[in-house]
Each structure stands twice: as structure tokens, then as C-alpha cells.
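So the sequence lines, in the order shown, correspond to chains A and B. Be aware that the first sequence starts at 1, since it is given in this note's numbering, and climbs by one per residue. Be aware that the second sequence starts at 1001, since it is given in this note's numbering, and climbs by one per residue.
Note that these hints are calculated values from the structure, not bench results. Please read all numbers here as calculations on a predicted model, not as lab measurements. Even for Gly, the Cβ is constructed at its ideal location relative to N, Cα and C. Just so you know, not all the hints are guaranteed correct.
Said to hold, decoys possible - Distance condition first, Cα-Cα at most 25 Å in a straight line; then the derived DSS-like pairs of lysine-lysine:
no.: 1; chain 1: B; residue 1: Lys-1308; chain 2: B; residue 2: Lys-1084
no.: 2; chain 1: A; residue 1: Lys-96; chain 2: B; residue 2: Lys-1147
no.: 3; chain 1: B; residue 1: Lys-1365; chain 2: B; residue 2: Lys-1313
no.: 4; chain 1: B; residue 1: Lys-1336; chain 2: B; residue 2: Lys-1076
no.: 5; chain 1: A; residue 1: Lys-147; chain 2: B; residue 2: Lys-1325
no.: 6; chain 1: A; residue 1: Lys-127; chain 2: A; residue 2: Lys-88
no.: 7; chain 1: B; residue 1: Lys-1313; chain 2: B; residue 2: Lys-1325
no.: 8; chain 1: A; residue 1: Lys-147; chain 2: B; residue 2: Lys-1084
no.: 9; chain 1: B; residue 1: Lys-1096; chain 2: B; residue 2: Lys-1076
no.: 10; chain 1: A; residue 1: Lys-313; chain 2: A; residue 2: Lys-336
no.: 11; chain 1: A; residue 1: Lys-160; chain 2: B; residue 2: Lys-1160
no.: 12; chain 1: A; residue 1: Lys-365; chain 2: A; residue 2: Lys-96
no.: 13; chain 1: A; residue 1: Lys-133; chain 2: A; residue 2: Lys-488
no.: 14; chain 1: A; residue 1: Lys-88; chain 2: A; residue 2: Lys-420
no.: 15; chain 1: B; residue 1: Lys-1315; chain 2: B; residue 2: Lys-1096
no.: 16; chain 1: A; residue 1: Lys-147; chain 2: B; residue 2: Lys-1096
no.: 17; chain 1: A; residue 1: Lys-264; chain 2: A; residue 2: Lys-420
no.: 18; chain 1: B; residue 1: Lys-1336; chain 2: A; residue 2: Lys-3
no.: 19; chain 1: B; residue 1: Lys-1147; chain 2: A; residue 2: Lys-325
no.: 20; chain 1: A; residue 1: Lys-127; chain 2: B; residue 2: Lys-1096
no.: 21; chain 1: A; residue 1: Lys-160; chain 2: B; residue 2: Lys-1147
no.: 22; chain 1: B; residue 1: Lys-1127; chain 2: A; residue 2: Lys-160
What the hints assert, rightly or not - Some chain B residues well away from chain A (every beta-carbon gap over 10 Å; in silico):
no.: 23; residue: Lys-1084
no.: 24; residue: Glu-1089
no.: 25; residue: Arg-1145
no.: 26; residue: Leu-1201
no.: 27; residue: Cys-1357
no.: 28; residue: Gln-1366
no.: 29; residue: Tyr-1387
no.: 30; residue: Met-1393
no.: 31; residue: Gly-1407
no.: 32; residue: Ser-1413
no.: 33; residue: Phe-1414
no.: 34; residue: Ala-1509
As the list claims (entries may be wrong) - Heads up, incomplete: computed chain A residues facing chain B, CB under 7 Å, no partners named:
no.: 35; residue: Glu-185
no.: 36; residue: Arg-277
no.: 37; residue: Arg-294
no.: 38; residue: Arg-354
no.: 39; residue: Cys-357
no.: 40; residue: Asn-391
2 protein chains.
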Amino acid sequence: MVKELIETDVVVIGAGISGLCAAKLLHETGLDVQVLEARDRVGGRTFTARDPSYGYVDLGGAYVGPTQDRILRIAKELDLKLYKVNEKERIVSYFKGVQRAVSNPDDPSSLSSNPLDLFDVNSCLLKIEDFSKQVPPDAPWKAPRAKEWDSMTVKEFMDKECWTSRARTLVGLIVAAIYCCEPHEISFLFFLTYLASGQGLRRMLSTTNGAQENKFVGGSMQVSEKIAALLGNRVVLSSPVMRIEQEETVTMVTTHSGQQYRAKYVISAVPPPLLHRILFEPPLPDLKIQMVQRMPMGSIIKTITYYKTAFWKEKGFCGSAMSDKGPINACFDDTKPDGTHPAIMGFILSTHARELCEMSTEQRKQAVSEHYAEVFQCPEFLHPVNYVEQNWMAETFSGGCYVATLGPGVLTSFGRELRKPFGCVYFAGSETAVKWGGYMDGAVEAGERAAREILHAMGKISADQIWQEEPPSIDVPPTPVRVDPLEKYLPSVPQLLYFLLAFVVLLVAVLCVYLV
Amino acid sequence: MVKELIETDVVVIGAGISGLCAAKLLHETGLDVQVLEARDRVGGRTFTARDPSYGYVDLGGAYVGPTQDRILRIAKELDLKLYKVNEKERIVSYFKGVQRAVSNPDDPSSLSSNPLDLFDVNSCLLKIEDFSKQVPPDAPWKAPRAKEWDSMTVKEFMDKECWTSRARTLVGLIVAAIYCCEPHEISFLFFLTYLASGQGLRRMLSTTNGAQENKFVGGSMQVSEKIAALLGNRVVLSSPVMRIEQEETVTMVTTHSGQQYRAKYVISAVPPPLLHRILFEPPLPDLKIQMVQRMPMGSIIKTITYYKTAFWKEKGFCGSAMSDKGPINACFDDTKPDGTHPAIMGFILSTHARELCEMSTEQRKQAVSEHYAEVFQCPEFLHPVNYVEQNWMAETFSGGCYVATLGPGVLTSFGRELRKPFGCVYFAGSETAVKWGGYMDGAVEAGERAAREILHAMGKISADQIWQEEPPSIDVPPTPVRVDPLEKYLPSVPQLLYFLLAFVVLLVAVLCVYLV
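Please model the entire structure based on the sequences and the hints provided.
What follows is the structure, encoded as C-alpha cells:
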């Protein structure tokens, strides 16, 4: 059956937030767009499941926080409401089998009671923050020490700078929680770039005043669903693209079903490793072919475990915990804002995800419940009433989550290719964003930037209008990240050792003088 | 236009050496096979170009040597003749602008005249050889130190073990020459596994008695062409596969043109990162989806530069040179065995390839000629009569060459997935071989093993017949790799320093005694 050719101005590949924001902007400018989505749903790496047993639940990207002004603007426009993730009661940390619970998330006593640990953690994190400020997220290869940092892994940084096992554990947890991989798998330059893009370590790791502050009432997939509703039948589901053929002035896009679209421009809004899925004629440029092989997606299974009541609050726990023990390194309260469906959301990350994916769902549910019982020291956690999970590694149209992770050498050798258009094909997707890359906010930035690149190519806007500053959100205002002035002056472990050495030398000298 | 469904026993994807050897074995067993090749030629990563101006030339995989018994067996069966790569005259090394020419390739004076350099190089290479012997190439994750070695890059090994810049340079050159990437890009465990698979460093690096000893008269692509001729119309060109749908007992394979094949079994003989090109229904298992994103192909441009005469031989050079200076790190004589078409084959590797790919062919020809003139110190090299090259990074159906390169963590987290069948789909391709993986010989091993896995699944052979030992070739017999007994007892740099320290202490002691 030969299908009728569809003509359009722009074909957008991928109906996640990035592709849909690109299409929305182009559509509003009066251009004709067609959005082709491989899955039978929109949303990409955001996925809100719905079921009477739990109402709705975000099984993919879910959190938004201050300084993520683009996604906040879009959400407001679409009339979506936010609610705050519960952090009222105490937060738990669980290292080496010891539970610590603190009321203030910045309280360092949650990490260790050993001052040496705290000095070391403090100096490592300060160094990371300081280094990340030296990396321009739009061109990390231009950082003064780019070559050095890109030829080492985060593990190498840890080997050099972390003196205590607590500091190593903490940096390892940060890599797992933010990148869904191991410290030896990613380049230190990529690690710093991503932190710079996410407005620094504190902003990324925090709930209150940070990236995990809010969730959408009704789920994050509504962003995509509402944009898709605006675009109507311009969004076509279950249409994986198999081929892009570029001729002088037209580009032909063909889906697996054989449907063809003739467009002036194309925006690819799929995760970089999935570009391989599409056969380009002429082929992608050499460095781009090599780049897309070097951006593997992280490893994660997102779990939500439901309980009859939010009994942890009664025990003075807000539901947040971080743990050096698997399978859950980080968890948060996921009870609905109206108090219904009490639940804990927990991430199975990196190596834990790769190991536990071979279990049955029932076994994972068991392992996760036992984990909470141990970490919170509440046997009540052993009796969940429901359990939902999403193994993103098994998602053929994502390849993993949350984001592409770059090994040593990739940014300096191939980074320049990331946003470089190929003929009439432009590249969006959260990985190509400069601010909050990998997050929903970065998806909006990337989509709108790619759309404006096309408007510029069409002569509708000037080059300096492609990248636009975003006014700060009024509804979710950031407060400055508070750094205790003391932290800056705490000694690092080597400084402490030097001090002790100097003290001993002085003592000996004084004793000598006294005795002589 | 609806195409008629083709029924067959086995569909083989990829008409490189691996796929064709699989198909040949199955065909000889009486099974019906269909080989689907994306390109308009067979051969995969072997590619023999033909032109009156140079006769024929291997622009891809070309060399075969002793212990590569499987490819030698197949080549003999196909009546292909070998000739020896010229290594009669002196070999050149060029480090830090100093040319050294030696007659014996094992002569260490080619590396440096500083004994400290030689001690260091010697101890580093001995350590690498020793470690690689501890890695079982069929299950490198079982090596006693697998976890440690897989969480570090080759650069980390260099940082720890190489005391001199010459040793660092040499290990860097080995990584470039064998893996087409940088030492910070690959896992040390992968590095060792590949060396173990290639029968050790010396065997891999040598021309005489090593992997570069011979070439095929008429070119290596003839292996594939001759097998394809045996298979006749069972090999279908220009047929990239876009989809594999598995049902209970049948598997449907669909090409981009819409042609469908219904088969009992499928062999994928494409490089692992290209598995992404195929949409699997049901999708590939989670760990396999993640694995294929973590096996990027190396970066290489192969060049052949032609001259009027082989003037270098008259000057006492065989044409082999290694250099720490780009763009060519390694080159060999490529004159035809009958003395026609005098030429030098040179590899542009890793970072050089990624940088020089942005030049025009004419600029690269110029850079390569100037390089030879400098390294051999012969201005005659400035005047080539012809130049041919192949940029494998631009090959959409290879993604790079020679082979998939694994970053830190991949082997221990995902290595077990490499050869694991998925339903009725089995995996060949040189990357899945245990001996000479990444080489033509490994391609044969992998193809035949995958074919026998299917024969076993069909009940035609027993499980212990899947993996078969290969009798040694009579025509290309290996001589044992000669290790100078002295090398084992040469001190390493730290040993030398200890020795010197001990000597100084002793001297001081003796002086004290003498003076007192």
C-alpha cells in the first residue's frame, strides 16, 4: 500500500518535551510542523502512568526546581500546578550501616561524626564546585584545564583528592544519583560540565531550593500531552523514523510504516545514541557518526513503593534518604499533595540497576522494601500495598536514563559536533542544552533553540535571536545557595596533616630550647 | 509495491568475513541461507579498491600472520595466495625528532639511546604482557584483578607504571596503532583482553612472525567475494536491515526497501554499535541495549601514497616506520609483490584522524608526504604520483575501524552480553571472537561459532561441538616469540633507583668505617 506523501515545513523527530517545545514554537510562528514519535505516547523520558490503584505516578523525569525557568514558563502557560516534595521532617543518611537523621539538609553531621571525614568531604566538594565554575557549559573544551580533566575519570579525581572513604563514598553517590553510572565511567570534564550546566552541585542535589523541590500535580507527562493537544493531528504516534534523505532543498523523512514526509527542515529531538537508529542519506558527518557512539545513556530503574499510611512522617522522617548501600541510593516521599497514595520513590542506580534488572519485579519489590526497613529502621516498610517501577534500560526508544553519559576524551574530541546542524537537520534534545542539560528545563531550551535556528535559516530572525535569555520565574524564585563561611576556611586533610606536622616540629623545638 | 515474502532457514545480517563464513558453514550443512548486506559490496571492514592507476589496494583490513589459523584455512580453501610485507631493509623509528634506523625489529636501540628509557620500556611492556596472560579472553570479567583493571584507563596504568616519557609515548603509540584511540579512552582490562586475544603484544605488533607478516595477492576483500560467489544469489547487496520481529517459532527480517524474509534463525554479523540500526520487536534485552551504546568504533583514516620507484629501498629502508609525530604513527611498504605500484601504507590514527578528517584529501596527501619526507629524511617522499585513502569514521555501515573500543567499566558490567543469543538471533562479528577478536581471523571464528550455535539449537550438533579448536596452519607456521632472557632480568626504573640508593648508603657506610 503506497501512502500519500505528506508535505510540511518542518518535521520534528521525537515527541518528548524538547521536540514538542520546538514544534510549539514553530507552529506559533505560523509554520507547518509534523512531529513523529516512535512510541505510542508522547513525553519521551517523562512518563506518567495512571491507574486507579495509585492515581498517577511519574515513572520518568519528575522534579523541577528554582532557576529551571524555561520549563516553569512552559508549565505555567499550560496551566500546570506544582507541589513541593515533602522535606518537613528529618532526612536520613545511612553510611556503613549507621543511620543518621537530621532536620536541616545542609547539616554536615548527617555524613559522619568524624571531623576528618567532614574536613575531607568539605574540601573535595569545594574543589569540585570551584573547578566546575571554570568550565563554560556551552564549550567545555575551552576550559583552561579541559584536556587534563577530559583525560581523567571522576574516579581518578577521587583517587587524587579524597583522603577518606567517606568522601569517596559521597562522590560516588553523587555520580550515581546525578549520572546513573560509576565514577570510573565518566570523564571528569563531563562531570564538571554537567554540574556547571545544572547551576552547581548544591542546586542539583537539594530538594528545598534545588532541583528536587517541586513536582507537577497530575504528573510531568502533562507538559507533553498539553502541547500535543495544541498541535492536534500534527503529532503522529507509533511512527519511528527509519530514514532521512536530504536533497538540495528538500528533505525526505520515512517512517518504519513507509509513510513519507517532505520537509524543508528537520529537528532531531531524540537522545544522541538513538541517532544511529536513523539511516541518513547522505550519511551523517564522520565525527558525528563517531560522537553518537560515545554517548551511552545511564542505567536506572525508578521504583515507587506504596504504603497504607505515610507512617514515616509520624516517626519524624520526611521520606528522603541517601544510602551507600544498594539497591536504593536515594529516595524521596512520593505521597500525593492531597495526602493520598502514601509512597516512597526510590532510584535503583548504575551497577545496582545493572544487577537487579535480572530479578523479577516481585524480587525487586522485596529488595526495595527491605532496604527501606533497614535504612529508616522501621519494619513497617516491609509491607507495601503496591509497587510500580520503570526499567529505563529496557526502553528501546530511550536506551536508558536520565541522560547520555560521556567517557574520557569524548567532550574534547567530539563535543563540538553536539549542536552542529547537518544540512537542513538541526539537533535538539536535552543533551544539547547549555543550562540544565539532561533535565526537563534543558529539553525546553534545546527545542526552542533548534526551532529558532530554523527560523534564522529561513531569514525570519537574526542570528543573535537564536539564543535567548530566560527571565526568572516569579512563582519558583531561587534563593541564593547558602555557603557557610566557615566551610571555606575549614582545612583539607593534607592541610591538617601539614598543620599537625608543623605543630609537632614547633613543639619539639620549644622543648629543645626549654630543656637546653 | 508489495514484495514477495522470502522464506529461508537462516538470515545472516552483514556480508563481511564473519557473516559470510557463518553463511558458508550453514550452506555447506545443507541449510538455506540469505545474507543481507547494507552496502553495495561485500567485505565489510575489508575493502579492496581497484583502479588501473594502482591495480588493487586494501583500504581496510589487510594483514594476516601466524596463529591466525582460521582465516588462513579459509583463504587456502578459496585458493588465495599470500605475500610477505617487505621488512628486508632497515626499520625507522622517529621519536622527538630523532631518526633511528635498525635492521632487527627487536633491536631496542630503535627506541632510545638512554638506558633508563630502555629499562623503563622493557619493564612496562613485560608488566603488560604478564598482566594480559592473567586475563581469559573468553571471560575477562573472571580475571583475578578484573574489577580493578576495568575501573582504570590505560592512561592510569601509564601514570602508575611508566617513569619515562619514552615509555609513555610507546604505550600511547601501541594504543593508537592497535585500538585507534587514546590511552585515556579505553579500559585497562579491555586493553589486556584484546592483547590476550591477539596472542600477546609482540605477536600483534610484529611484521615478521606477527600480525602484519602477510597480505593477500589481489586483496583481502577476495575472501568475501569468493565466499559470496559460492553462495550466489543468496547474498543480497544494498539491503540494510531495519527490523527484526521475533514470534514463537519464526523471525521476520525486514530491509529498508520493504523486502521481508521469514527465517527460523538470524545471525547478526554487524559491528555491535550498529545493532542500534535495527529495530527489534520485542526489543533487545536491557543490558544488551546498554552494551551496544558502549562499544564505539575506533578512529582511523588509512592512506596509501604511491611513488614512481621504491627509492626508499635503495636508501636501505624497508618502508616500515613508527613515529610519535602525526599524522602517521605507523607505516609499511605497500608495493605489490611483483614490484609494481611502489607505495607506502600509513595509518592516520585516533586524535590525528579526528583532526585531519576536516582537511581536504589534497591537504592530507600533502601532510602525509611531508611526514614521510621528515621521518625517513628523504625529500623524495614529497613527490607522490598517486594517493588513495579511506576514512572509516565516515562509513555509516562501520562507524569506524578497526574495532569496537571499550571504555572503563563496560567489560565487567556488560561483557557477558556480548555473545548471549536473543531468542533466535545469534551474534557474530569479529568483536565477539575469543582469539584474534577484531581481526579477520576473529571474524571467521565468530561467524563459524554463531553458525554452530544454530546447528546446535536445531539439534544437529552437540553443545561441545560449538567451539572448535583450529589446527595450526602449515603454510604460515608461527615461530615462538623470542624473548631475550636478559629482558626478564633488566631492572625497572624504581628497582634501579633502589639499587642506586642502596649503593650510596653502602658507600657512605664504607667511607664512614674507613674514615673512623
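Hints, one by one, checked against the model:
1. B/Lys-1308 <-> B/Lys-1084: OK: B/Lys-1308 and B/Lys-1084 at ~21 Å, within 25 Å.
2. A/Lys-96 <-> B/Lys-1147: 21 Å, holds
3. B/Lys-1365 <-> B/Lys-1313: Judged against 25 Å, a Cα distance of about 21 Å means the pair holds.
4. B/Lys-1336 <-> B/Lys-1076: 20 Å, holds
5. A/Lys-147 <-> B/Lys-1325: Distance ~19 Å between A/Lys-147 and B/Lys-1325 Cα, so the pair holds.
6. A/Lys-127 <-> A/Lys-88: 30 Å, violated
7. B/Lys-1313 <-> B/Lys-1325: 22 Å, holds
8. A/Lys-147 <-> B/Lys-1084: Violated, at about 41 Å.
9. B/Lys-1096 <-> B/Lys-1076: Given pair B/Lys-1096, B/Lys-1076 is violated - Cα atoms ~43 Å apart, limit 25 Å.
10. A/Lys-313 <-> A/Lys-336: 14 Å, holds
11. A/Lys-160 <-> B/Lys-1160: 12 Å, holds
12. A/Lys-365 <-> A/Lys-96: Holds, because 23 Å separates the two Cα atoms, which is no more than 25 Å.
13. A/Lys-133 <-> A/Lys-488: 16 Å, holds
14. A/Lys-88 <-> A/Lys-420: The hint is violated at about 45 Å.
15. B/Lys-1315 <-> B/Lys-1096: Within the cut-off at roughly 22 Å; holds.
16. A/Lys-147 <-> B/Lys-1096: With a Cα-Cα distance of about 21 Å, the restraint between A/Lys-147 and B/Lys-1096 holds, given a limit of 25 Å.
17. A/Lys-264 <-> A/Lys-420: Holds. A/Lys-264 to A/Lys-420 sits at ~18 Å (cutoff 25 Å).
18. B/Lys-1336 <-> A/Lys-3: 53 Å, violated
19. B/Lys-1147 <-> A/Lys-325: 19 Å, holds
20. A/Lys-127 <-> B/Lys-1096: The hint is violated at about 36 Å.
21. A/Lys-160 <-> B/Lys-1147: 19 Å, holds
22. B/Lys-1127 <-> A/Lys-160: Judged against 25 Å, a Cα distance of about 24 Å means the pair holds.
23. Lys-1084: 33 Å, holds
24. Glu-1089: Since the minimum Cβ distance to chain A is about 35 Å, B/Glu-1089 lies beyond 10 Å and the statement holds.
25. Arg-1145: Given a closest Cβ separation of 14 Å, the condition holds.
26. Leu-1201: 23 Å, holds
27. Cys-1357: 5 Å, violated
28. Gln-1366: 20 Å, holds
29. Tyr-1387: 18 Å, holds
30. Met-1393: The assertion about B/Met-1393 is violated, with a minimum of 4 Å to chain A.
31. Gly-1407: Given that some Cβ of chain A is not farther than 10 Å from that of B/Gly-1407, nearest at about 4 Å, it is violated.
32. Ser-1413: 5 Å, violated
33. Phe-1414: For B/Phe-1414, whose nearest Cβ neighbour in chain A is about 7 Å away, the distance does not exceed 10 Å, so it is violated.
34. Ala-1509: 28 Å, holds
35. Glu-185: Holds, because the Cβ-Cβ distance from A/Glu-185 to chain B comes to roughly 4 Å (cut-off 7 Å).
36. Arg-277: 6 Å, holds
37. Arg-294: 5 Å, holds
38. Arg-354: 5 Å, holds
39. Cys-357: This interface hint holds because 5 Å falls under the 7 Å limit.
40. Asn-391: With a minimum Cβ separation of about 6 Å from chain B (threshold 7 Å), the hint on A/Asn-391 holds.
Of the numbered hints stated above, those contradicted by the structure are hints 6, 8, 9, 14, 18, 20, 27, 30, 31, 32, 33, listed in ascending order.
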